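Please construct the entire structure, taking both the sequences and the accompanying hints into account.
Line by line, the protein sequences are chains V and E.
1 is the number of the first residue of the first sequence in this note's numbering; add one for each residue after it.
1 is the number of the first residue of the second sequence in this note's numbering; add one for each residue after it.
By construction, these hints were calculated from the structure, which means they are not laboratory data.
Owing to the predicted nature of the structure, the values given are computational and were not obtained by experimental measurement.
Nothing false has been slipped in among the hints.
Note: identical chains are not told apart, hence a pair may lie in one copy or across any two.
Below, in silico cross-link-like pairs of lysine-lysine (DSSO-like), each with a Cα-Cα straight-line distance of 27 angstroms or less:
#1 Lys189 to Lys518
#2 Lys424 to Lys684
#3 Lys684 to Lys518
#4 Lys166 to Lys189
Below, each chain spelled out in residue letters.
Protein chains: 2
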Amino acid sequence: MTTVTNRPTTPPLSTQLVYRFGDGSAEGDGSMRDLLGGKGAGLAEMSGLGVPVPPGFTITTEVCNAFYALGRRYPGGLEEQVRRGIAHVEKSVGARFGDPDNPLLVSVRSGARVSMPGMMDTILNLGLNEEAAEGLARRSGRPRFAYDSYRRFIQMYGDVVLGVRKASDEDPDPFEALLARKREAAGVKEDMQLDAEALRALVQDYKALVREHTGAEFPSDPWQQLWGAIAAVLRSWESARAVVYRNMYGYPADWGTAVTVQAMVFGNLGDDCATGVVFTRNPSTGAHHRFGEFLVNAQGEDVVAGTRTPQPFLESARLPESPASLETSMPGPFAEIERACERLEQHFADMQDIEFTIQEGKLWILQTRSGKRTGQAMVKIAVDMVDEGLIDEDEAVRRIDAEQLNELLHPVFAANAKREVVAKGLAAAPGAAVGRVVFTPADAVDSAMRGEQVILVREETSPEDIEGMKEARAFLTARGGTSSHAAVVARGMGKCCVTGCSALRIDYARRHFTVESKSHGLVVVNEGDVISLDGSSGEVMLGALPLAEPVLPAEYERLMVWVDERRHLRVRANADTPQDAERARGFGAEGIGLCRTEHMFFGPDRILAVRQMILSQSEAERREALAKILPMQREDFIGILRAMAGYPVTIRLLDPPLHEFLPQTVDDIADLSRALGMRIDEVKRRVDALHEFNPMLGHRGVRLAITFPEIYEVQVRAVIEAACELRAEQLQVAPEIMIPLVGLERELERLRELVLRVAEEVLDERGIRIEYAVGTMIELPRACIVADRIAEHADFFSFGTNDLTQTTFGLSRDDAARFLPVYMTQHVIERDPFVELDRDGVGALVRIGIERGRSTKPGLKVGICGEHGGNPASVVFCHEQAFDYVSCSPYRVPIARVAAAQAALAG
Amino acid sequence: MTTVTNRPTTPPLSTQLVYRFGDGSAEGDGSMRDLLGGKGAGLAEMSGLGVPVPPGFTITTEVCNAFYALGRRYPGGLEEQVRRGIAHVEKSVGARFGDPDNPLLVSVRSGARVSMPGMMDTILNLGLNEEAAEGLARRSGRPRFAYDSYRRFIQMYGDVVLGVRKASDEDPDPFEALLARKREAAGVKEDMQLDAEALRALVQDYKALVREHTGAEFPSDPWQQLWGAIAAVLRSWESARAVVYRNMYGYPADWGTAVTVQAMVFGNLGDDCATGVVFTRNPSTGAHHRFGEFLVNAQGEDVVAGTRTPQPFLESARLPESPASLETSMPGPFAEIERACERLEQHFADMQDIEFTIQEGKLWILQTRSGKRTGQAMVKIAVDMVDEGLIDEDEAVRRIDAEQLNELLHPVFAANAKREVVAKGLAAAPGAAVGRVVFTPADAVDSAMRGEQVILVREETSPEDIEGMKEARAFLTARGGTSSHAAVVARGMGKCCVTGCSALRIDYARRHFTVESKSHGLVVVNEGDVISLDGSSGEVMLGALPLAEPVLPAEYERLMVWVDERRHLRVRANADTPQDAERARGFGAEGIGLCRTEHMFFGPDRILAVRQMILSQSEAERREALAKILPMQREDFIGILRAMAGYPVTIRLLDPPLHEFLPQTVDDIADLSRALGMRIDEVKRRVDALHEFNPMLGHRGVRLAITFPEIYEVQVRAVIEAACELRAEQLQVAPEIMIPLVGLERELERLRELVLRVAEEVLDERGIRIEYAVGTMIELPRACIVADRIAEHADFFSFGTNDLTQTTFGLSRDDAARFLPVYMTQHVIERDPFVELDRDGVGALVRIGIERGRSTKPGLKVGICGEHGGNPASVVFCHEQAFDYVSCSPYRVPIARVAAAQAALAG
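What follows is the structure, given as structure tokens:
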């Protein structure tokens, strides 16, 4: 006995087992997905609207349950209802099952209430046999089409229903093997080149193959074909693949599958036939006019194949040399399509993407769905539909795919550009860039000074590359994932970035990289060569592709007003420079949630002092070096606080391990030894002594301040002095000083004391009072667990979910690229946890952290400043957990605003 | 007004404010610590037992509270009671306060209910003034002693009571400055060399200093001196240091401090005087005889100073040439001491360490406390006392300091050995070792083959050093903490280890290390030089110190029977080889809780195949290399399972990142390229490509198995084949296969499927059934959080608290040495979380993991296999959390057994 998964007792069977549709009416409707499956319900809905869909009927999911309850037998009454269903279809299209002159052909499809891989594929052209094929050839005048349809039907039915398939993974598909032999015999390379005779002979070979495998003739009786297909659909519900899939998503076995049987229609039976696609609005621009194309005497696949040039749908869209539009060449069906478009768009209140076929002058609508659109069209359509009264403002906000707003915010390649893709990496930061290749940050700076646009190509980047990264247009790295240093910096700066492009072999010494590509063989790209990078697809291309500037449609501003009216979460930006801060304000940021002070340490005017500070052997030496850094840090903070005047600015004190600031190469170490007047071997020894095995878990964050408190003292002084200067200019400033990597209550207790002591000292010196806050990153599991105690010393919590994800999973984001893709392909994990916050693990710790933190301080301000702050699903989580704000890179601020509004609307 | 910490309303004051003791009776007793402080209660207890303690009295802690409640004034009635107290003392010792001929001198001490740094030090010799000093000189015939006592009294009182002290940290102490000037004037180097006249003059200088600082004469009236000292003790309760300390430990302000005033007695007033120390039993061996020494006509500090050779307490302990014993020279006081010893040991039911003074033939007992003892004595005394009916078996088990059992289990240096300490590192693994210095694992192997004992000295060790580490007697590293690789391996192997010895400058090229030591200047230690290493103290010594072999006393076995009868937790060992497994059995291990398979991969006969496997580019290549490893792994498992027949053995599949197995130096890479017939640059490229930024969070554990399932397949096959072979010999085997680093439910689901598939395949081939289990390490915060889901696929959980501590704290144990010592010194954290499980953070996650795991599977077997499994405090935690077992290094198995029994007794 085959194993059947446990199922509850089946409820008593309804008397109606089959629901018919077509002829402008239907027995079911779109609300009946549970009973009719997604497809069946959709077809019923369209038909009920009076849209001309090819007639058919759906066998309910209850039948599926009954089928298993009865030991894989059909319930009584089904046969009769199916018979009536076929009669309805025959009547509607004027053809008959098995009629050699005008055979009715049908498709049979499975359909659960949700789309589910692992179940049966569609069977097309059911009803064909020798006579019917002959009849179809005669009627269409295209025998090749008739026999190709027939051989495809046998192949599909033979595989899915009769189980004629390869014995093991190593074997070839038996039908494909016969097809290949035919091609060889005919001396052709493509199936398309086989003529009607060859296909007719192939049909005989196929039938012999079926006979050999099953010991029986391929069924020629359409009824026998139909019942075989229905049984195959029902059996597929308990196939191994479907069961695995159901278990993975927790779908119960008693949902069952429906079976939809529908008349086939053909757009290729003559010149009064056509097939095409129409959008109810322009999916590129969102403009309110139809947008579509069609081919006379063709099947749907001809439109896709691109061998013939499609004709425009509207006359107004016709170019001077193009063939006639549907509007002028088939005005009757055109008018009918117009009506269907209007009805469907009104009904679904969204722009529709509609497939249609015209058979012998009669229009059939095959499918309608919400149309895919560009970000620009998405915004325009949503706003237009509010103006048209189709949807309200809430719905317009809900309609926005927040992630897709990216398209509006970054430059893109022109859609029609020819792409010579030589390698593909991870799409780490969206946008498009064209530039000359450079291999070192110093070269990036030099080239930028010469006014050149460059793309920085590295094995990976590190914080000391930051100056060069500022100057480059984009980054391409051979290693690292979508959360690697390059990726994070790129998204922060709004630059395009491709990471983990493992095909790259970079030779720094020869200043080139090579890549072995299938299409181009071995390609050598030298320093100075121009490449194009698509950060949204991960593609690397040779030469300069044309760029298209993003246009923020007028509707965008209107939409964002509705968005901001609805959201509760505040949205801040992560920004380290006055330029970033200004950009963030432009995108609507309401403050800075994360200002990383270490990026400032890499400036060419200060890195030497920073290195001197790090290599100091005593507190006195260290203070001397820090004294040089203080005025520069103060200027940094003045710039940022000024750009964000009136808004809160959270400044994180120094976080990375000190060795990140030190040179690593022999030459750089020699330079440093000269600059500091220190012996080379002594510099080298000190640099080596700072090496760490796991820098992520090393001497960084608050740990630096416990061992070298003078570093944070100087930073706090710089912040408060900056605030005082701006306050003297009557500007509103609200610095929030944030201590990173706290895991122990006493760490924050000590540092809070330090901050207060230094701040009060400065304020006393200046005789000024300003408001400032002291808080902490919550980015370690331990911090979440003891958040109640940490909260005693914190004015705010900012969840650093990048590091919290790393520690909760024990997963280095710099190293994850080696296995995370395999995890995702194999569904060990569904989503990259560095992109979308892992609710079950990291999220649970965040919840604990908030609960405990607010148990100590009910009004504790809570934010998030990891990359997740700009990920829509994660923003929803933050809303649910009553965060006060999210903070993300400036370019993602609009995305976070939309996601926050949607979360608020969702409840 | 001085800030006073908040205190609740003081309860009404008792009428008795002063409790007297002495003359064989006392008004209080040992139970009154809250009222009399620890010291006062102890003295009352002794006095109440009839032991002759110098008489005195204690002012209660209630007085302290009243003092603050009254705005720093004494409560009514105190003066009168203190007067009566002094009268009691005068009467008891026959001397009088301020009597020039026979002055009563007293000590004044603070005493809270717990010992508390930050409060006032003792003031001695209170009551001295010009006349009394003169009288003391006459009476003792030792004017130098009299004036030295007087000048010390002024110095102490001047500082503590009158506040005469240096103005800033940079200044010298003003009293010490005067003393130094006197030494200069006299042309001597030591205070001891100043004669009576010089000291008498110094007293005048001291008085002038006090006059200058305070504007008043140094008080000569003993009563004025006494009230000044009492007030100083009471004020010290609210000193800044005491308040900080109280807040740190959460001690309430209203505990208050008591003040104890006690007569001074002198052992140096003539030849009928003496001072000494006696233990009621031998603290080295535990033998039941007194053990002590004394000096005639001496003070306590003379015994300590070692300028005179002390005389033995017992005649039987006298060596032929030594001076007379107390037993023969002062039979009267000796008999009195004997009675006191008997009474105190019976009373406290523990071996006592007693200080005594004989003044003019009269015995005074100054102090008694439980005596420190060796591990051996600890065990013998506990068992003997059960036999003597002093304590019961439960109490004997409670008495054991589990950690101290270490002394019994490792070799130690002879107690009398002269130590030339040149450097000190962290005491990473206990024991003592002597050996020649080598700097490379290869040299360790070579030397061992020549039969030499060597100590491996490295910057730090790594897994590829394992073969050399096996051959070395001990390890000394310049970097790394007490949980570094070297430390963990050492404890596992029962070897001695000192880590983080940062004074070492290792020069591999010149094959020496240098160390700059205060005592020895610059010391160069060359390869081949002999050093001695004390892993219990962290000391590094030149030359060969004599070693003492540990002796397991007969009482040990009896004790451990009581221990095992009481504990609920099972104790297993972490063991990777048959030798380790046998040793573990010898120490009483009830199975293996962690068998690390990677250590087997480093064997010289297999590392090549392992490297070939790692550098494979395809599954086929990898399988080919694995096929070579399979039979070797099978033999490993046969050995271990055989040694543990009848007990469970948990085998952890491959855990470390693969690059740990690869060579890193140019030479080793060249060797490998020859061995594998691969180009050097290709080997180098592949080695580089496997580099990770944070290997701890990288491609390791179950992640290896998700990407390369064939590795675990081969390991599972080796385990099950080994089990089958032993089963064929009728041996009981119970392998438990453990998957490391699981953080996602599906990881374990997949791997459980893999293990079951391979295991059943092998069992089918062999036609044998054996029991085996599949479980997982819980070592990531996420695993704790989703333990309910992970438990669905696990037969057992083993908490890997090493890694769980690393991830919960975000703290690399290899890098923590850089700041953790500062954290501990500054009390940011109290205990090294890699030594003692952090209850608040890591412990909370463990609790969540167990709760959720057992919510899915109530009977889920739960163990721990981190280093904490051998730490007594952590074992108590495991007992409380209802673990089934703990697992630790073989040498710590007895410790864990004792800790488990103590935990069971405690609750």
